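Asks: From first to last, the protein sequence lines are chains U and D. Counting with my numbering, you get residues 121 to 346 for the letters of the first sequence. Counting with my numbering, you get residues 121 to 346 for the letters of the second sequence.
It should be emphasised that the hints constitute simulated quantities derived from the structure, not laboratory data. Please read all numbers here as calculations on a predicted model, not as lab measurements. Treat the hints with caution; some may be incorrect.
Put simply, identical chains are the same to the list, so a pair is met inside one copy or across any two.
Stated by the list, open to error - Listed below are the simulated DSS-like cross-link pairs for lysine-lysine, each with C-alpha atoms no more than 30 angstroms apart in a straight line:
1. Lys126 to Lys214
2. Lys214 to Lys155
3. Lys192 to Lys318
4. Lys240 to Lys139
5. Lys214 to Lys277
6. Lys214 to Lys240
7. Lys155 to Lys126
8. Lys140 to Lys214
9. Lys192 to Lys277
10. Lys150 to Lys214
11. Lys240 to Lys192
12. Lys126 to Lys139
13. Lys179 to Lys140
14. Lys150 to Lys179
15. Lys179 to Lys139
16. Lys156 to Lys126
17. Lys192 to Lys301
18. Lys140 to Lys340
19. Lys139 to Lys214
20. Lys340 to Lys277
Protein chains: 2
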Amino acid sequence: MVDHVKDISFLEDTLNFWKKLNQAQRSFLKQAIVKKQFAAGELMHSTAENCSGLFLIHKGQIRAYIISESGKEITLYHLFERDVCIFSASCVMKNIAFDVNLEVEKDTQAYLIPTAAYRKLSEESLPVQVFTNQLMASRFSDVMWIMEQALFTSFDKRLANFLMERSVIEDSDTLVITHEKIANHLGTAREVVTRMLKYFQTEGIVSLNRGTIEILDQDKLNRILE
Amino acid sequence: MVDHVKDISFLEDTLNFWKKLNQAQRSFLKQAIVKKQFAAGELMHSTAENCSGLFLIHKGQIRAYIISESGKEITLYHLFERDVCIFSASCVMKNIAFDVNLEVEKDTQAYLIPTAAYRKLSEESLPVQVFTNQLMASRFSDVMWIMEQALFTSFDKRLANFLMERSVIEDSDTLVITHEKIANHLGTAREVVTRMLKYFQTEGIVSLNRGTIEILDQDKLNRILE
Numbered sequence: 121m122v123d124h125v126k127d128i129s130f131l132e133d134t135l136n137f138w139k140k141l142n143q144a145q146r147s148f149l150k151q152a153i154v155k156k157q158f159a160a161g162e163l164m165h166s167t168a169e170n171c172s173g174l175f176l177i178h179k180g181q182i183r184a185y186i187i188s189e190s191g192k193e194i195t196l197y198h199l200f201e202r203d204v205c206i207f208s209a210s211c212v213m214k215n216i217a218f219d220v221n222l223e224v225e226k227d228t229q230a231y232l233i234p235t236a237a238y239r240k241l242s243e244e245s246l247p248v249q250v251f252t253n254q255l256m257a258s259r260f261s262d263v264m265w266i267m268e269q270a271l272f273t274s275f276d277k278r279l280a281n282f283l284m285e286r287s288v289i290e291d292s293d294t295l296v297i298t299h300e301k302i303a304n305h306l307g308t309a310r311e312v313v314t315r316m317l318k319y320f321q322t323e324g325i326v327s328l329n330r331g332t333i334e335i336l337d338q339d340k341l342n343r344i345l346e
Numbered sequence: 121m122v123d124h125v126k127d128i129s130f131l132e133d134t135l136n137f138w139k140k141l142n143q144a145q146r147s148f149l150k151q152a153i154v155k156k157q158f159a160a161g162e163l164m165h166s167t168a169e170n171c172s173g174l175f176l177i178h179k180g181q182i183r184a185y186i187i188s189e190s191g192k193e194i195t196l197y198h199l200f201e202r203d204v205c206i207f208s209a210s211c212v213m214k215n216i217a218f219d220v221n222l223e224v225e226k227d228t229q230a231y232l233i234p235t236a237a238y239r240k241l242s243e244e245s246l247p248v249q250v251f252t253n254q255l256m257a258s259r260f261s262d263v264m265w266i267m268e269q270a271l272f273t274s275f276d277k278r279l280a281n282f283l284m285e286r287s288v289i290e291d292s293d294t295l296v297i298t299h300e301k302i303a304n305h306l307g308t309a310r311e312v313v314t315r316m317l318k319y320f321q322t323e324g325i326v327s328l329n330r331g332t333i334e335i336l337d338q339d340k341l342n343r344i345l346e
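Isolated chain U, as found in the complex:
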């Protein structure tokens, strides 16, 4: 249950259907919502068995990814403050026939609308359905972008793009990340990442150290993307 003024105003701001609910639906939702904490490194959700409901991120960082039988991964998108995770409620949606894994990258606080509550509201409220639609369309677009990248874009561009994004997320030119982790984000093998990073290093774009990658020349990195 949430009833603190701060919580309610955050929910009002981020769930665009909130103000369109009637009084009874709003009280029902306040009663149903639960605050949750997740520690960095935890798995928030994996596979369909675990259908807890809709998570709204208050603070933190979540990575959504898929994984093959042989353990190969590819990152689909990231969730930050004010983002809503729809696939932790995929059992509410008919026709969703795939699993998305969620890894907590930074300590995360989230609001959870449990499955049963979300289902009830979906069945009676047009604005809630519209919200679900917009969310799904937005995630669908993210995934299409990743797919186009993975299938159509050369690996130097993908890696340059990853390093730049990461540097923005971390707000730093020094990235603390292993080549293995990068390979998992981009759906490739560690050796492929190492080879390209070494090439970037000979070009003076990055400097490689144990466990860190320092971006030396943002301009050159940018030029790879042209």
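Go by the hints and put chain D onto chain U.
Replies: Here is chain D on its own, set in the frame of chain U:
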């Protein structure tokens, strides 16, 4: 406009929201719907400029695919009788930020719910929103499957799977298709397809002739997928 009994009963059967509309909405929809014909080989829809509305396939076969700047293609899914094409109405949906191309593979008859009509109904009808949601979830699942295949599955399995699917669609063991076309379906180069087909031929699985591929051994083809 549609008013023939046969048309109405087809629409009732395939659009699960039809019976949940009120009298006024139903008359409005009947007035708005247009019957369309497309010839094999035509492009039904490409890029966002062309947002004609929701197509419901009455008869025919459509291929949905994406294409890279350099012309590389990959097939996302096929639409057959009773399928609905949602991306030809993508301007109705917020947050859809990608383009899907639609190629007419066999002569096609379709009902079109024009964009403006579909938008109006979406804004006032919960069942229409639910329908959109289910459609989008279903296409999203198709795309996730294709992506997992393209990223995680070895090419022999993907090609074997393609040949089997095609043989079911065409209801024949002799497929009339070029290696170039197969490459476009699977998002790879023609040479890669030719090399694997030749390997299948030496294994006695297929027989290659000018412009056709004959499947000689369905069992062996099946075993590749295990």
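Asks: Are any of the numbered hints broken by this structure? If so, which, sorted upward?
Replies: Violated: hints 11, 18.
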